[in-house]
Each structure stands twice: as C-alpha cells, then as structure tokens.
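Asker: Chains as they are written, first to last, in the working numbering: chain A, 1 to 802; chain B, 1 to 358.
What the hints contain is simulated information worked out from the structure, not anything from laboratory work. Treat the hints with care, since some could be wrong.
[Stated by the list, open to error] Quick list of the computed label-pair ranges, beta carbon to beta carbon: (1) B:T206 to A:P99: 21 to 31 Å; (2) B:W282 to A:N393: 52 to 62 Å; (3) B:A98 to A:R568: 20 to 30 Å; (4) B:T206 to A:F199: 49 to 59 Å; (5) B:W282 to A:D495: 31 to 41 Å; (6) A:Y97 to B:L96: 51 to 61 Å; (7) B:D345 to A:A583: 29 to 39 Å; (8) B:E272 to A:G694: 39 to 49 Å.
[Unchecked claim] Some but not every residue of chain B turned toward chain A, in silico, with C-beta under 8 Å: (9) F158; (10) R250; (11) P293; (12) L321; (13) D335.
All C-beta atoms in this analysis are idealised placements derived from N, C-alpha and C, irrespective of residue type, glycine included.
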Amino acid sequence: MKFSLSWLKEHLETSASLDDIVATMVAVGLEVEEVENPEERLAAFTIGEVLAAEKHTDADKLKVCRVATKDGEKQIVCGAPNARKGIKIAYAPVGAYVPGIDVTLKKAKIRGVESFGMMCSAREMEMGDDHDGIIEAPAEANVGDPIAGWLGANDPVIDFEVTPNRPDTNGVGGVARDLAAAGLGKLITPQPKAIKGAFESPQKIVLDFPEAAKDACPAFAGCYIRGVKNGPSPQWLQDKLRAIGLRPINALADVTNYIAYDRARPLHVYDADKLKGDIRARLGGKGEGFLGLDGKSYEADETMCVIADDSGVLGLGGILGGEDTGCSERTTNVFVECAYFDPLRTAKTGRKTGINTDARYRFERGVDPEFVVPGIELAVSIILDICGGAPSNIELAGEIPSADKTVLFPPSEVKRLTGMDVAPEECERILAALGFKVAKSDPWQVEVPSWRPDVGGKADLVEEVARIVGFDSLPMATLPLHNAVEMPKLSIAQDRRRLARRALAAHGMLEAVTWSFIDERHAALFLSANQLRSQGLILANPIASDLGAMRPSILPNLLAALQRNADRGRSDLALFEVAPQYAGDQPDEQMMMATGARMSDPSRHWQAAGAKADVFVVKADALIALQAAGAPVASLQTTNDAPPYFHPGRSGVLRLGRNPLAFFGEVHPRVLKAMGVDGPVHGFEVFLDMIPEGKRKPTKTKPALNASELLPLTRDFAFVVDDAIAAETLLKAVRGAEKHLIADVTLFDVYQGKGVPEGKKSLAVEVEIQPREKTMTDEEIDAVSARIVSQVVKATGGALRT
Amino acid sequence: MSDIEKLENDLVVRIDAASTEAALEEVRVAALGKKGVVSERMKTLGKMSPEERKEMGPALNGLKTRIAEAIDAKKAMLEEAALDARLALERVDVTLPATALPKGKIHPVSQAFEEIAAIFSAMGFDIAEGPDIEDDFHNFTALNFPPDHPAREMHDTFFFEPKEDGSRQVLRTHTSPVQIRTMMSQKPPIRIIIPGRTFRCDSDQTHTPMFHQVEGLVIDRETHMGHLKGTLEAFAKAFFEVDNVGTRFRPHFFPFTEPSAEMDIQYERVGEEVRFGQGSDWMEILGCGMVHPNVLKNCGLDPDEYQGFAFGMGVDRLAMLKYGIPDLRDFFAADARWLEHYGFDPLDQPNLATGLSR
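With the rest of the complex left out, here is chain A:
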C-alpha cells in the first residue's frame, strides 16, 4: 500500500519529519518497505539558466549553450529543440548519475566541442515520459536550487506492508489514526457530508439471497446521479493516483479508486442507462457468464455473490465490475454502488476465479460496515464536485451488519503479557485515540470500533497498547533456569541422526540436503504409481510438474544429484542425506533415513587409483551408519532380498532378527536408465527408526577388559562348499564351534576354478584361538580344529579342502 506524504497530511496535522513518520510507522507495526523521496532521488539536479545557445558548427540539431549553474558558467552541448537563451533548466554536472539513461556523466567532446554536464528531460530524470525536449523550470527559479521543489516533485511516497489483520490501514485515514495515537499529530480526517437528494432513485436495488446466504451482501447503498459529465479527472486527483502508481482513467473511475485508497472503501459506478431493470445482488447460477472490466470473460457459479440486472450477471460483488455497464466519456446518468460483501465468500470467489483487484483485496480482509453510507456520501459529493449532476436520495437495501463488540479488559493484562508498566491513564488514552470507547468499570468495558474486525479479546487490546507505547519499552528478562546444569536435550532418535551424519561424513562422504518431493515418474521406480496415489503421496499443486510426489526413498534424489555432478565433470562422488522419506501421509509413515549413494570413477593417482565402489563398500557404509546410530552390528544378518530397485544379485538386507535395518547394493540398471543416470551406482538405505533403543543403564561403568596373558594362535581352514552357500552361514558355524576359545574369524579367500569342482567354491578362513586359563596342548588344539570342521560340514554340507 502506497501513499504520498501530502495525502497523509490531509488526514494528519503534523509537523513531524518524513524520517519520524517512517520510524513511527515501523514502531506501531506498519512495516515500511520503501520510501521514495523525489528530493533525494533528484538531489543531483539543480536549476541552471541558459545564457546563450549557439548552433553547433558541425551539427544541425545540436546547440552549444553557455549555462549559469551552481558550479559557475558551463559549456553544454544540447540536442533539445527547446534549448534557448533565457530558460531555466535542470542541470546535471559531470559525475552525476542520470537514472533515465543509466549513465554517469563524464566530460565529453561532442562533434569536436567540449561539453560539461547535461540539461535533462523529464524522462532522463525519471520524472515522467516526456522526452520532446529538456524540462523547463519556472522563470523565478534561482540558479543552484534543487529542482525538485520547482518542478512539483517534492512529495515523498511511502510504501508499506498491510498485514491481513489491519484492513483499516488499506486507507490513508487508517494510517493517520495510528500515527496520531502514537503522538505524531492530530487526526483531521474530514467526515463526509450528508447528501440531500432531489428525487427518489429510479434504480431499485434488490437483495435476493436464500436464507443461508443472506450474509453474502447484507447491505447495499445506491445513489442515482443525473446529468454527470465524465472526462479526465482534475490534475490534483490524477497526480495523487499517479504518485502511488495508479493510472488515471476517467473522473468516475478515478473517484472510486481514490476512495479505495483514502478510506479503504471500494465502490462501483454503473452507467445507469445501460442497466436493465432492477439491480440485484444474488448468488450466481451455473454457467452464467459476464465480460469483466478487464476485458476478460468469466463464469460465475452458485457459491458466488454476483451483481445482476434483467439482462444477467454484470459482475462479481466486491471483486470485479462488468464491461457492459461500465462508464465511458459519454456516460451521463450513473448509479453509484457502495455495498458490504462478506469477506469469506469474497475470498473464496477471488481464489476460484483468480481475479486480483483492489476491491477484492479490501473486501476479503473486511471493510468497515459502518462506512457504507458515509462512503457513498463521500463518493457522491466528490463526483458532484468534479462531474456535476443531480443526485437522488441515497437508497439502502438490507441492513448494516452489526459490528458491536465489547471486550472486558483489566488493564493489568498489559503487564501480565508484556511485562511493561503502562499507567492505566495511558492505556485509556491510547485506546481512545485508536477509536475504542473505554468504560472504566472493573474490568474495563472496551467497545471495539467497526473498522477493527481483528480485535476480539484482551490480548488484542494488550497489543494495541503495547505497539503504540512501542516494543522498545519491553523489559529485558531471562527465563529462570530449571537446573543448574541442563540435562541432555536430544532424544535418542535425534542423537542417532547426528551420530550417523557425523560418522558418514568422517568416512569421506558429503552430506546433501534435497527436496522432500521428486518427479512422480522417478518416485514410481521406488513405490508403484498406484501405491503413491493410494498412500496420499501425490501433491495437488506441485511447484513444478517434476516435483509432484513425496519421495518414497531418498535414493532418487541422490541419483539425480550424482548425475548432475557428473555432468559437471565430477563423476567420482559419494553423497548421503540424513532426512525423512515417506511411505504414506500419516505421521507414523514418515521414516527417518540415513541414505547414501556412490558413483565411482576414482581419479588417477600416482599410487594407482583407489578402489571402485561396489556392493561391499556400501555394505560397509551402511554398517558405519548403523554402528554410529547404536545398532548391534555384530548381531546382524545379511539376506539377499533387497527391494527390486536394487540389482537382484548384488544387493542385500541387513537384519536384526527378522527386522530389516538397512538395504544396500548396486542400484538396478533399469532404474538408472529410467532416470538417465550413468551407472553403476551403489547405494544404501539405513532405517534409523528401526534400530531398537537400548535399555537405559543405571551406570556408565564399562564391563571389565578380559585380555588373556596367553598368546593367541591362528589356524587356517579352506572349505569347499556349494556355490549357493552364504559365506555368513559358514562364518557363523565357525564362530559357534567353540565360542569360548574362538576370538576372531577372518575370511581371507574366495576361490573358484582349477582344483575346485564346478558349482562349488572354496572359502578360506583364518581362525584366531585364544587360550583362556592355560596354554593349550596340541591335542586340545586339534580338538578345536575338528569341531570347527564338523560344524562347518554340518551347516554347509561342504568339506575341508584337501
């Protein structure tokens, strides 16, 4: 919302400076976004006088002028046809920035003649569109004066943010009221004069709503004016509108725009001769269309409040008028509408139709219902002033909706909620200045003004008092400590994320943060399209068509990211993300993951390239994250039933009992192809929420170290087993053979080929045997070995390799 300083002063008698006004607006909650002060913007331009203007010897259209300036007499070459002796002009010295042509002036030589500065046109100074010649200041202007004052460009424009709770500040009068309450001056908003009509309005108004929708337009005031003369509005009105960025149209339209910004009160003016029969506010019918003032066709429906006549819908109440009944220069009889439209219905209609107008903006936030009649009186009186004509009596259909609200307000609430000490007299003064009526019973009874739909309770009044006193007066207080030293604050789940994240980064991977939504087609590679839909994971209004589904896995985000990096030449990269993925739209269907992916293309190094990622590297990644997050990794089992987006033969699941804690493996080439990713890529997905929470121990004591004094010994075994036998089965059998004595088992060779029958493989393990009480005899060691062999044979059906 914009207004000019002079406009404000029509409502506020003040001697405050622009800076004070802006600072006070900010302090009371009217957040100023921009102040455009033409004096500052035009500070570089000063009045000069052309002392002589001779034709340039080498150019027909150029003149060489001698100009009196604040910097003394200057020679300036100028191409303007009106550059002539004796005129006062806008002088820009060398070094000045000329915004309209985006140039900082330098000393120049034009067709061989030196030129020191510039004489500017309106467009060059961004003061208007005129570029037919240089701007001419009044003859009485003094050389050296800033031009702003002499060219009527000294009215600063303030742009501020109107918060949805303050519809009253959509009018300059509302801003003035806040400033007056804050002590910046006196509120002098003029009251509209009553209109004395000479006749009954020939134009009848009908409110035609079913009982349930009566609130759509409860009040509609109208006034018929005969014999107006429409045309361009007077200069003062045009200037006002232009200053705040509105385009003057004609007097009738300009008056309605003026009142919308002056009093936050939208109006509409019909060409009365184009109306057929009664004017009717009613609900729309399916398929009823109309041509809007903006030249576009719209269709109403049965939820919308329309304004209609016998010919059909003319426009949408409170949103947009119709082209067919609009005013033109030939209009002579008009009908002025000033109605109250329901904010909610207006908002819904506005959203449905997508029409954004100043009227909609104001009605959906709530206009002052008490200002329906004063609003039309103000409009009619200005129209009569500008366009002449004879008004009818003002006709009011329906009833002004009651805005009566009284809040019980103990002034001690100010201290309770803000900690500020504000004297009751000051509270009363502030509330009264803002238009509240205070009855000092106990508690106070505060009547809320009709233009403040946002105020309904004690806390709202506290805010009114506090913001006018100013938040600078808030005391500084510290929250009391509950504990001298605070206890840990992260939950186990939160801490797991931190630990997994730090472990993976320490392991050399880069942490990424990516969107929770992805391309639906990519999502469908991880959870079927039907399931995405039935689980409620499809967005109705995605920001882009390729961000339409909540991700059922983080892998597609990382795959896409790896490829983007590869396209920039970075094809050896390990990324991870610790973040949610979504199995459905319910709170318990959001899963916290630690997911990573590796695209492996080790760069050349003089020591020979590093190892390429494979399924065992990502298995290690998963284990690192699991271990950091507190999973009992020694108890995990590996199964080969990872989801189908992994390579069926090179992927696995890490399970605790039956519960999957992680997937890992090579990403399925079909998935990579569908996403346009160059493979191979290996990935892992750790389900952090699936890790069981360990029991809280009553002590931090660690178990005693059981380190034997006796030297451990190692024995190697090689077994020939069926190709299908899982190494984990064999390792488990070895470990279980003599749990007390076997300290460690390392699988050091997997062999297939010569010496091993077809369909079989040889697995070789080194077993570390740790004697416990005493050194072991050869017989005892042999007994352990025999037990290992028999256990493996039993578990795998294989045999010791000979």
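Add chain B to chain A, keeping to what the hints say.
Answerer: For chain B alone, coordinates are given in the frame of chain A:
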C-alpha cells in the same frame, strides 16, 4: 715384538681390511674358529709348564678377547654402513602428493541446527519434532487460522489430493503444528524448540519450496514478552558469536500470537561481509509473539491461567547470514563444489564450551 704381539697386529690388519660381513667372518674363523690361529695357540697352553702357562695364559686370553671385540666392533660398523647404503637406495621423492583420502563434509543446515540446539539446550529448551505431512487442523485451524481466512494465503500451501471425505493433507507451512501436538500431549511448563523441514509453494532467489525452521515455545504461568526479548537477544548474541548484538522488536501480525512481533538485528555490510552488532541497518530474522489465547484454548489450556511465547526462524537464512552464503537455492542442489566449500568438518561439533564454530 713378541710373537703374540705380531700375531695380534697381523689379525687387526686383516680385520680392518675386511670390507664385507663375509670377509670379516672369514677372518673370525681364521682367528677364533676351531682351527683358527688363536684357538690353535690356546691349545698349546696344556703342554706348557705351570710357569710358562702363568705367563702365556693371560696373554693368550687377552689376545682372544681383544680380537673378538675388534671383530664385533667392525661387524657393527659394517652393519651400520650396510643399513645406510640400503636406506640411501630406499629414498623417495617426498614431494609426491600424499595418499588421496576422501574428505566428507556436514551440510550447513545440519551444522546450524546443531548450533541452535546447543544454545537453546543451555537455556533449558527440549527438542520436539513432528511430521512434515500435516492435517489442516494442526497446520491452520488450531493455530487460529480460521477456514478461508486470507491469513492462510500468507502461506503458499502445498496440498495433497483430497481424500474421499473431502479432507486433504498439507505439507506443513511452518513448524508451528508441533506446538499444537506438544501442548495437546503434555502439561505445562513447556519449553521446547522444534526444528524441521517446512514447505511453501514459492520459488525465487530468496524462497525455495522447501526450507528449514526452528520454532520455539514456552508455556507456563508467568512468561511474558520481556522474557521473549531476553531469550531471543541472548540467542542472537550466542548464534552470531558477537559480544553485542543490537535487536529491535516491531509489532507484526501472525494469527497464532498476540501481541505479535518481528525481531530485527543490527548489521553493517562491509564489502561482501555482513557484520552484526554494528552499523545502522536492520535485518528481519524472525517472527514471534505471545501465544494467542485461541491457540491455548484449542489445546485445552486456559489462557487466563497459562501464558507464554512462541517464535519461529528460518535456519537456512540464519546459516546464510552467519556464514555469508549467497543463494538459498544452492542449499538444495547437492553440488559437490558447494558442499565442499560451505560444508563443515565432521569434527566441528558445535558446543558452547569451545565456541560454536571455528
């Protein structure tokens, strides 16, 4: 010169002349071996008279000891020389590049979350969380956004497809629904921060459709706006790691707080750097206020009995400000160059004892 002296001189010359361990061994065998010259001479002691033996015994033993020592000394010398020679051959160009080890980094958003958590933990705040996909009640209605109210349009909301009953889930537009979930499930006093992902259908240089917030909520019987001011100012000072930080509270509007405010912090731009606690410009960093009585009521709390404040701030934006990261969109692009440049060493775990950052 006695016979023994001559023998000794002769042997010493040969020991000195031995240039390899093998040659030295030959000398040792020739002198001290079973049939070596010294050993042969020792054997003659048996045939000597007691007087002769008394004289020759010590002499020969002395000879044997000195020769053995001379050989050992020479041997040690030869070993040293051999080691030196080997090491000389083993020389490498140590200016060759070190073994390549991958370096991981922590994303600035994670780092900033941990910094914020460290500060508020010290002020007694617990950390609460909630789901990204919310229902209308928790995201709007309970937070005093009436249905169809224009305030809802301040939030460019992502909606899901409607369900059969007409309801539809939303992506939470703020972390505030967790306020509701907390107040409905736990009795005051409440002192929490709520970090998490938030979503708005908006995209330009300073807005991304997904971003991160930290929400704060304090509910008890006495906390007022002065506590809010003190808490947030202390936070700003600790987070930006400056001795002083100028703050300014301005009235604003949020449906779920009353009175509502925005907090600005004082800053100055020096070249590319943003410096806090100096200069004359103000930058908005968060929204806050006293929890609206309707919100308390919606959660079953009596607003005449309980009161407190709430605040919400953008984590990405705070990280941008503190660490001078220019473009919000880059946070989510997973560009390795960006992650390596703006990311943090995994060993940099924020805590207040060491300072939040290096």
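Asker: Compare the structure with each hint and give your call.
Answerer: Outcome of the hint check:
At about 25 Å, the CB distance of T206 (chain B) to P99 (chain A) agrees with the hint of 21 to 31 Å. Evaluation of the 52 to 62 Å hint for W282 (chain B) and N393 (chain A) yields a pass: the beta carbon distance comes to about 53 Å. Taking 20 to 30 Å as the suggested C-beta distance range, the pair A98 (chain B) and R568 (chain A) conforms, at roughly 25 Å. At about 58 Å, the CB distance of T206 (chain B) to F199 (chain A) agrees with the hint of 49 to 59 Å.
For W282 (chain B) and D495 (chain A), the Cβ-Cβ distance of about 37 Å falls inside the hinted range of 31 to 41 Å, so the restraint holds. A beta carbon spacing of about 57 Å between Y97 (chain A) and L96 (chain B) agrees with the range 51 to 61 Å that was offered as a hint. Distance hint check: the CB atoms of D345 (chain B) and A583 (chain A) are about 34 Å apart, consistent with the given range 29 to 39 Å. Checked against the given bound of 39 to 49 Å, the beta carbons of E272 (chain B) and G694 (chain A), roughly 48 Å apart, stay inside it.
With 8 Å as the threshold, the beta carbon of F158 (chain B) comes within range of chain A, its nearest partner Cβ sitting at about 6 Å, so the hint holds. For the restraint placing R250 (chain B) at the interface with chain A, the shortest Cβ-Cβ distance is roughly 6 Å, inside the 8 Å limit, so the hint holds. A least Cβ separation of about 5 Å between P293 (chain B) and chain A falls short of the 8 Å threshold, and the interface hint therefore holds. Interface hint at L321 (chain B): violated, since its Cβ lies 18 Å from the closest Cβ of chain A, which is beyond the 8 Å cut-off.
Taken as an interface hint, D335 (chain B) checks out: its beta carbon lies about 7 Å from the nearest beta carbon of chain A, inside 8 Å.
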